[in-house]
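*Asks:* Next come the chains, spelled out residue by residue.
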Amino acid sequence: MKRLLKGGRVVDPANGRDGVFDVLIDGDRIVRVAKDIPVNGAQVMDVPAGFVVCPGLIDMHVHLREPGQEHKETVATGVASAVAGGFTAVACMPNTVPINDNAGVTEFILKKAAEARLARVYPIGAVSRGSDGEQLADIGELRAAGCVAISDDGRPVKTALLMRRALEYAGMFKMPVLEHCEDLSLRGEGVAHEGYHASLLGLRGIPGLAESIMAQRDIALAEFTGGWVHICHMSAATTLRAVREGKTHGVNVTCEVAPHHFTLTDEALASPVSYDTNVKMNPPLRGTVDRDEMLKGIVDGSVDAIATDHAPHHYDEKKVEFDMAPFGIIGLETCVSLSLDRLVHSGLIRLPRLVELLSTNPARILNIPGGSLSDGAIADVTVLAPDLQVVVDASKFRSKSRNTPFGGWQFRGGVAATIVGGRTVYVNDSASDANRFQ
Amino acid sequence: MTSKHVAAAPGIAAVPAEQRSGISALRHKDLLGIADLTADEIRLILDTAEAMREIGDRPIKKVPALRGKTVVNLFFEASTRTRTSFEIAEKRLSADTLNIAATTSSVVKGETLVDTALNLEAMAPDMIVLRHASSGACHLLARICRAGIINAGDGMHEHPTQALLDAFTIREHKKTIAGLKVAIVGDLLHSRVLRSNVQLLTKLGAEVWVSGPPTLMPPGIERQGVRRTTSVDEAVEGADVVMLLRVQLERMQGTFFPSLREYFTLFGMTRERLRRAKPDVIIMHPGPMNRGVEIDSEVADGPYSVILEQVANGVAVRMAVLYLLAGGAEHEAAA
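Those sequence lines, one after another, are chains A and B.
Numbered per numbering that gives the first Met the number 0, the first sequence spans residues 0 to 437.
Numbered per numbering that gives the first Met the number 0, the second sequence spans residues 0 to 334.
With the rest of the complex left out, here is chain B (with noise of 0.2 Å):
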């Protein structure tokens, strides 16, 4: 495959050239975080993603790019949106996918995550797609699987396919990220979201701003080349992008904030809040949201808000992601 047909292969249409990174593949045999990608490696798999959402509008939802391989979902913890995401853009690219919850797995009898990981291994799983509430557990997996590995979330560190299902969105609306100044605002400190987030909006060149109670700040984010404030509004002044992030309750073990109600009143996006920003702001959420704590339902449900589109563009990025790590157009050539 040269590299004028990007993401050609039976079924999946070239990508426009001029959205076309400068490289052809992914040569990653996992997906562990934004860290480990490079600037034309994350355009790869947006440019990827837009032909793959076109598979989606079709009347028959299915090309057979991973037709034969097998793909593991071994989930951790509860998730709904990106797990069936993951499924969805599995079964669409044609992959023999199963599914597996800790509650149904064998870590109710004890069982280690590598001798669980083993086990999987044994039965040549081609990727297994991870979720699990320990920060680098994909990681510890990655250095013992022959299987790829992608990061569905793991702990506090990172959520790739989120970051780039995001950017995708963010690129929709405004085509370019580089120069857009962008605000994410909510519990930074727990969040895996904003960490792959501010690895790949930097890296493409935007305008990062952080904000949030000081508690929930984590040490040492203005070495990754953001701006931290505890002001909202100063974050949120002409702001291109407004991304707000869950108030974590399931992960609050301490008292980070005196109340929610006072956390939204702080920092809770409000329509207020949001006339600071630019005109065509865009509103984003990685879900689970908390109406009245981190976003008003008048935002949520507002005319900005893409929150939607996100969870919709999740299956194509996440299509781009699979098929790119299983080798793309190139290892089909060769197939």
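If we strip away everything but chain A, and leave its shape as in the complex, we get (with noise of 0.2 Å):
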């Protein structure tokens, strides 16, 4: 069947076009974008004016928590989740219970994505077996079970030996490290960041330092090796600066930042409410320096890409003492409203600037189909309706938890549609009515 998406505004900065064009889709594949393509007997979507046409966003970093945490979240609502925030495929970090860290694990995660029809799922094997930092994990069969990076997210990888070899060994395959990084003995009891928030507050820190001392171990590795690491949710500015310096001596470095790392900073732990643990995430919220930083870093292109890390919990186990709730907030059903919000219509970046955070360049990093729509591409499309008025509503998440800072949040900008392999997987009816896309 073929579906033809009518006069919207085409972001495709992997083409180089931005303009009012046509997409037609045949089946699940692009055909062609083209201005003013003829019906000829196709379904259309009128695409309403202003509205944004773009490859499907990419979420390179979410928990989706099954096996062994069902509780929070679960592979079929994570993926709910995942189209209602725009997303049309999500990779899935290993620190599952079990961990992801051998192929049977891989093929139920690729199995309930399979049964949930939604966003694509490419799960992310773990480095060590049990991501415990000791082993290498069975890499190799990982991959071809069909995980598309290595990451002991949730934790660094513990040691510069096996770091070294992970990159060695991932290398071969042209896989990137995900590399959470943390210095451990530096974060110690650390739930919060280090300095004048905390410090009133009575929390123990965290500094940026904890996650810069590991990033520059990390790069120093990939240069000697050849290897590539990708530096997970960076926070900290002094980070950003080593990634800056890889990149320039062309080290195989990239890096990504979530939103609520560009958007908030360590003062949301006094106020609106103080000790909320929808505020405590790892690394944490950082000063202003740090935030205006990784802006920056947004701008200027050292940022590869934006990644929600979305981190689902249960109400009961965040609904505790500051430092006896767990690390993490969900963000795929806010990321485009902040991103749209905070950065575009901020005026710190264009449109195509953003597709290629959310869309190009993670494609690029995991060598995954879409963050295009190349003729012959896999028809993953995200309709954006740049200028809706988005209240953020946390009871009305698919996630199956809430826990997220930016309830009751105002922002400018919103999703339309998601369509993952030609099939239209998502509308939002406060963007447009719902006929529109289907």
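None of these hints come from the bench; they were simulated from the model.
A few of these clues could be false.
Interface residues of chain B toward chain A, partial, derived using beta-carbon atoms under 7 Å [claimed, not checked]:
#1 G109
#2 S134
#3 G135
#4 H156
#5 P218
C-beta: ideal position from N, C-alpha, C; glycine also.
The two chains are supplied separately, each in an independent frame; assemble them into the complex guided by the hints.
*Replies:* Listed below in structure tokens is the structure:
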């Protein structure tokens, strides 16, 4: 069946395209993008003026919690949340129970994803068995089963030696090692950014140094091995400096920033509500200097991707003392609004750069289909409503969890529809009438 | 009630006019920290404590101010001084009190703090006095409980009644707090007493110096309007008040300094060091003391020490807090 997206502003940085075009889809493939494509029997989806048609967004860092922690999220609720947030694909971290360190777990996740038939799911395998930093996992087998990268996320790769081996070994498959950069001795029992606000509230601090010192190790190892390190959920200005320097010297290093790290600072620990466990995540919300540096990196191109680090936790787990609560917040359903509002409407970047951060680059880093609207590409398309007034209502989230600090926040910009493999999997009723994209 | 009789109520004397703060009531449900109080509110509590102290000197140490009120002392951390002090304060005000210690509660069965509090709430206490090892535990309860929450020490965050009784003690000796040089020396990083005292003393216009090993300095402390130095001598120079903080051995998770012996050599308060202070300096310590670590016994037991006065004043200050949070004289007039 042919479908024709007619009249939207097509933003496709991979093909240098930004203007009003039609997008013709046949089955699960893009046929072509051009001006005034004749209908010719295709089903027409009229894109309202001002809406944006872009390659499907890809969140390269989420936690789907299945297997093992289905009270927080399942693959099914996770991908429902993803498509509601405009994501056509997600890459899920291996810190499930058990850890995704073998083909059996990978296959299980992919089976659940196939049953859900919403967003594409790309599992990330563990670097080490049990992510305990001792022995390499069966990386080749994980890759054959469908893993697109490796990571011990939730913790850093324990030793420089194992990281060296992982970079060398994964390099054989051209896979990046996605690193959660954190020196555990410097983190100690810290629960919040080490600075004035944590100090005032009597919360143990995690300095930005805990992240950047590990990033420096990993960048040095990537340089030495020629392997590819991708720095996850970067939060500290000094980490970005290390990444920039690595790039300058031709090191194979890429990095991602989460929306909360380019939006909030550690001031959120104190206000509007003090000790809100929904502002507790790792890495923590940092100082203004760090937040502003993340924005600079997004503007100047040194940041490669925006990824949410979607980390669902059950209500009970977060309704405890601040230092007892688990780290992490959900992000799939607020990412687009935060990005459009804080980055595009604020005038920092233009839409093509945002699409690059949310689609083109993640596809390139993970070497997965999508990221462009090229002829013959898979028909993963996100339709954005850049001027939609959005009031975040966490009770309406598709995610199983509600742990967001953005409940009640108002943003300009949202998702209108999500199309995966030519099939409309999500339509936002408040952006346009429900039948338009069906 | 008019502001002419700040704390006047059955059995409680009015405060002398010259000591009165400009306000007559504490319009808070909870006392979570000094951070939430204005200078006037602090003065009101201190003024009210003056009136409360007199009750303790009577042969029958009891007034009916909180008759019919139920106060729960919920202590998740060991405490002798603070818990006893609160309990005596509650009894002198005729409140019905009960004490729950973590080891005897459902916490050992895995109940969460929130559930424990909600179950207590169901029995309609008027106030909960909470001590907990987690910073912010009182804020969590204040958001979900109808009962007033009084912070009796939350993690490394605040210990407001300690700072109030410290201020009360300072005021007794120095008449006013504004303009005094106060040196606070010890484990600053882990101290809730420090955080409450810095808030209070700076609000009342003292010049606050903090000193201790650089490894135990809270980051950004100077943004709170205090001077920091690793030289104890500099901090003590010309000080009106020297306050020692406990080296919290139980909270030391790393190696913050080489040894207790070296700590004493560099930071311990000795008679020699104290010579740099004003001749009428007073020495304070929130207890429990580590003699020979942060303070030499000669100093702790010496003529400048007001450490036991602090303990005595704790009862009056806590009576004032309980009384004012329950509505003070206004409440009684209405009842």
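*Asks:* Is the shortest C-beta separation between B:G109 and chain A less than 7 Å?
*Replies:* violated, 12 Å
*Asks:* Take the shortest C-beta to C-beta distance between B:G135 and chain A; is it under 7 Å?
*Replies:* Holds, because the Cβ-Cβ distance from B:G135 to chain A comes to roughly 3 Å (cut-off 7 Å).
*Asks:* Under 7 Å, Cβ to Cβ, is where B:S134 needs to be relative to chain A, so tell me if that hint holds or is violated.
*Replies:* holds, 4 Å
*Asks:* So, B:H156 near chain A? Judge it on the closest CB pair being under 7 Å.
*Replies:* Cβ of B:H156 sits 3 Å from chain A, so the hint holds.
*Asks:* Can B:P218 be said to touch chain A, with a Cβ gap under 7 Å?
*Replies:* holds, 5 Å
Of the hints listed earlier, the one the structure fails to meet is number 1.
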